[in-house]
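With the sequences and hints as input, model every part of the structure.
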Amino acid sequence: MATNPFKITLLISILSIAIALTLIWGTAQTAPNLIRYSTLSNAPYIKVESINVTTNGVYIRLALINNGSLAFKPTGGWVEVVETGQVVNVTVINGTVIAKLPLTPQWMGPASVGVKGIVSGTLNGSRAYIAFFDVVPIHVINTIGIADVSYADCVLSVTLSVDTVVPVVIGPIINMSLFTVSTPGYYVFETIGIINTTIYASAGSHNVTLTIRVSPALGRYTYVYSCNYLSGFSKYTLWLPIGVTYMYPTGNVTSYTLLTKTFVVGGGS
Amino acid sequence: MRVEALLQFALAIAYVVLWVFMLAWSISGANYSISLTPWGYAVRFFSETHVIPPTVYAVWLFAIDAGLLPLVWRRSRYSLYLATLFSVLSLSMLMDTILFQQRYLQFHGYTIAPTPNGYIYVSLPAKPTLGIPTYILLALTILSIFNMITRARWLGTRVIEDPIVAVERVLKVLHIECSRIEGGVKVGGIKIIRRDDSLLLVNDHRIDEVDLGTAITEAVKVGLKQPVSVGVVDYGED
Chain H
4 MATNPFKITL
14 LISILSIAIA
24 LTLIWGTAQT
34 APNLIRYSTL
44 SNAPYIKVES
54 INVTTNGVYI
64 RLALINNGSL
74 AFKPTGGWVE
84 VVETGQVVNV
94 TVINGTVIAK
104 LPLTPQWMGP
114 ASVGVKGIVS
124 GTLNGSRAYI
134 AFFDVVPIHV
144 INTIGIADVS
154 YADCVLSVTL
164 SVDTVVPVVI
174 GPIINMSLFT
184 VSTPGYYVFE
194 TIGIINTTIY
204 ASAGSHNVTL
214 TIRVSPALGR
224 YTYVYSCNYL
234 SGFSKYTLWL
244 PIGVTYMYPT
254 GNVTSYTLLT
264 KTFVVGGGS
Chain Z
37 MRVEALLQFA
47 LAIAYVVLWV
57 FMLAWSISGA
67 NYSISLTPWG
77 YAVRFFSETH
87 VIPPTVYAVW
97 LFAIDAGLLP
107 LVWRRSRYSL
117 YLATLFSVLS
127 LSMLMDTILF
137 QQRYLQFHGY
147 TIAPTPNGYI
157 YVSLPAKPTL
167 GIPTYILLAL
177 TILSIFNMIT
187 RARWLGTRVI
197 EDPIVAVERV
207 LKVLHIECSR
217 IEGGVKVGGI
227 KIIRRDDSLL
237 LVNDHRIDEV
247 DLGTAITEAV
257 KVGLKQPVSV
267 GVVDYGED
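Protein chains in written order, with this note's numbering: chain H, 4 to 272; chain Z, 37 to 274.
Errors might be hidden in some of the hints.
With a straight-line cut-off of 30 Å between C-alpha atoms, the simulated DSS-like cross-links for lysine-lysine are [what the hints assert, rightly or not]: (1) Z:K227 x Z:K208; (2) H:K76 x Z:K222; (3) Z:K222 x Z:K261; (4) H:K119 x H:K103; (5) Z:K208 x H:K10; (6) Z:K222 x Z:K257.
FYI, nobody ran anything at the bench for these hints, they're computed from the structure.
Take a look at the structure:
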């Protein structure tokens, strides 16, 4: 070979180094256009579904919304109620995320509260945290029901189980009646109009007893067919439409509700 | 052709072929992974997959050059120098490709995405690993450097596929004209024929069983009666 191998080597060396450098430089120049930016789309999120204020405590229920193909499995987390400053860990029961807070006086004021928090879990097998903030209306759960009924000598005695977060005044009673559960049915008594019997119950969970003398004192639209249970009938229903006044710190709220109770007297039916 | 150079070629081919099936470098994790294939970075992010081609083609092109050059250009030792340069370039292009990931495919082990009322933080731990092909490339670079220093003579043996081929090669190097015949080679008036494990020297009158050395000597003796020209020795020239 006539050509000097040293010269060939030098030439190829310089050429290949130049190619390599050009490639490196070119890649750096075009890299911003080559690469793609990816973020999670349709990522799952947490929404505060409901806040129920009961005498047992405040229950905050968090809904997990999986709107994509990525499945999130909650395992824990915490919530903070901005208005009351309460922070509590959540519990996960069968995929439902619930936080239970103690009931404090602050819960009686606002109509809605801000809830923020973080729920941790796994997204497609990877550890993930979902942060959220929602302003959610409060549902105050007050329950009043009839626990027990007795009727004798024209005196109706109704034991009410009261489970409220605020003090309540129960009454008046409008158009109550007691009748047999049979075909045909027979009235024991019925009243038309308002019976101004009221009873006060403090906040919490307890029983109060309303005692009403249905005869003879209740007025002209009271029909009393019997002062005791009817003979031959053991199953009765009491209809008790009643007004309940909840004494919230922000003002009294009166609502009317129908309480009913079907009960069996004596053991037969 | 020297074993050392063949070994270098074998390593280069092994590197490129293995790379097709194994990853040269990767960051592996549950929902996020980056793997370096011969045609670019394969990036997997949850269900999405993208391939981003950076300088990766140069890596294996230079590697093949580093293996092939000592076989193609055998006259000068400069071919070994050049092969070393190619193997080093291949390695540096691989490093550059990995640096490309560090620079442009930044990955901190997590992703954050907005949600209607907050955000989601997904932890995506991953660990980088160097694959077997990369170690072969390293071996190729080391071997090419070693071959360069020793002029590809550290084994001290030559590849002899067939005694007839060996005889033929000696004659060829000495520019002695010979011709292939059935089972052997013919130089001037003699023939060297292979039978099983032995060589037979056949001239006009007799047939002798000879060893390889004698066969070559006899062939050269006959051949030297021809006009002689300058021979070529692998990597002999400066």
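Taking the hints in turn, this is what the structure says about them:
1. Only pairs whose Cα atoms come within 30 Å are accepted, and Z:K227 paired with Z:K208 is accepted, the gap being roughly 16 Å.
2. Between H:K76 and Z:K222 the alpha-carbon distance is near 82 Å, which puts this suggested pair outside the 30 Å criterion.
3. Of the pairs offered as hints, the one joining Z:K222 and Z:K261 holds, with about 14 Å between alpha carbons and a cut-off of 30 Å not exceeded.
4. A C-alpha spacing of about 14 Å is found between H:K119 and H:K103, which places the hinted pair at or below 30 Å, so the restraint holds.
5. Taking the CA atoms of Z:K208 and H:K10, the gap is about 28 Å. The hint holds against a cut of 30 Å.
6. Restraint check for Z:K222 and Z:K257: the C-alpha separation of about 13 Å stays at or below 30 Å, so the hint holds.
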